[in-house]
Amino acid sequence: MGNVSKPEILRKLNIESVDYTLQDTGCLCKNKSPERKEAKPEVVERIRDSILRSPSKSTRRAGAELNVPHTTVWRVSRKRLQFKTYRYQMVLVLKPTDKPLPEKSINGNIYQDMLSEWLLPQLEESVPDFFLQQDGAPPHWNKSVREFLNERLPHSWIGRAGPRDMTCLHWPPRSTPCDFFSGVSLKTRYLCIHFLRT
0 MGNVSKPEIL RKLNIESVDY TLQDTGCLCK NKSPERKEAK PEVVERIRDS ILRSPSKSTR
60 RAGAELNVPH TTVWRVSRKR LQFKTYRYQM VLVLKPTDKP LPEKSINGNI YQDMLSEWLL
120 PQLEESVPDF FLQQDGAPPH WNKSVREFLN ERLPHSWIGR AGPRDMTCLH WPPRSTPCDF
180 FSGVSLKTRY LCIHFLRT
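Position 42 of the sequence shown, counted from 1, bears residue number 41 in numbering that gives the first Met the number 0, the numbering being contiguous throughout.
These are calculated hints, taken from the structure and not from any lab test. A quick note: this is a predicted structure, and the numbers were derived from the prediction, not measured.
Straight-line Cα separation of at most 30 angstroms, DSS-like style, residue types lysine-lysine; simulated pairs: (1) K56 <-> K94; (2) K39 <-> K83; (3) K36 <-> K83; (4) K142 <-> K103; (5) K78 <-> K36; (6) K83 <-> K56; (7) K56 <-> K39; (8) K56 <-> K78; (9) K56 <-> K36; (10) K78 <-> K39; (11) K94 <-> K83.
Okay, the calculated beta carbon distance ranges per label pair: (12) D128 <-> N108: 19 to 29 angstroms; (13) R47 <-> V92: 27 to 37 angstroms; (14) R74 <-> I14: 35 to 45 angstroms; (15) L118 <-> L93: 26 to 36 angstroms.
Using N, Cα and C, we set each Cβ at its ideal position, and we do this for glycine too.
Work out the full structure: start from the sequences and follow the hints.
Below is the structure:
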């Protein structure tokens with residue numbers, strides 16, 4: 000083929016394939032793909048025996064053992080043999096002795112208890128001068144929580160606040176999240192900033 004360019008070779012191959020199709024079928028229409036071949040009865044029996052011997056075996060493993068495509072194993076077992084194939088999956092079972100999980104969400108009272116009984120005692124013990132920063136979560140905006148913080152940490156907390164709250168910094172409700180400082184992260188929503196007052 001000496002000096003023949005690639006496009007010319009492709010054009011020649013394309014013309015040859017059209018010519019072959021026209022001679023073979025008498026039509027230039029695209030033929031439908033041939034129907035899927037039905038699995039032979041002996042293959043169906045081998046698949047049945049394999050599934051009955053080991054019902055938890057995957058279709059991929061059965062196909063590899065029988066030297067049959069796994070899609071054929073699935074199709075024969077599902078459509079011809081009417082077996083319902085599924086993937087075996089281990090799950091935990093609750094027993095009568097298991098304790099039910101508490102389904103409490105954090106509200107203002109729970110958050111205030113956590114502040115008064117757990118967080119603030121630890122902070123006051125380890126860092127005498129600190130600022131508490133909150134984001135705008137509903138428990139943080141609770142009136143009793145804000146009253147508690149006004150009493151316990153006057154002018155030492157940052158967060159959403161009303162006009163009478165004694166915050167170090169009022170955080171507007173529709174502003175960017177109050178999470179740009181670095182500090183110690185507690186739980187998922189509160190961030191305490193530790194630094195000495197100057």
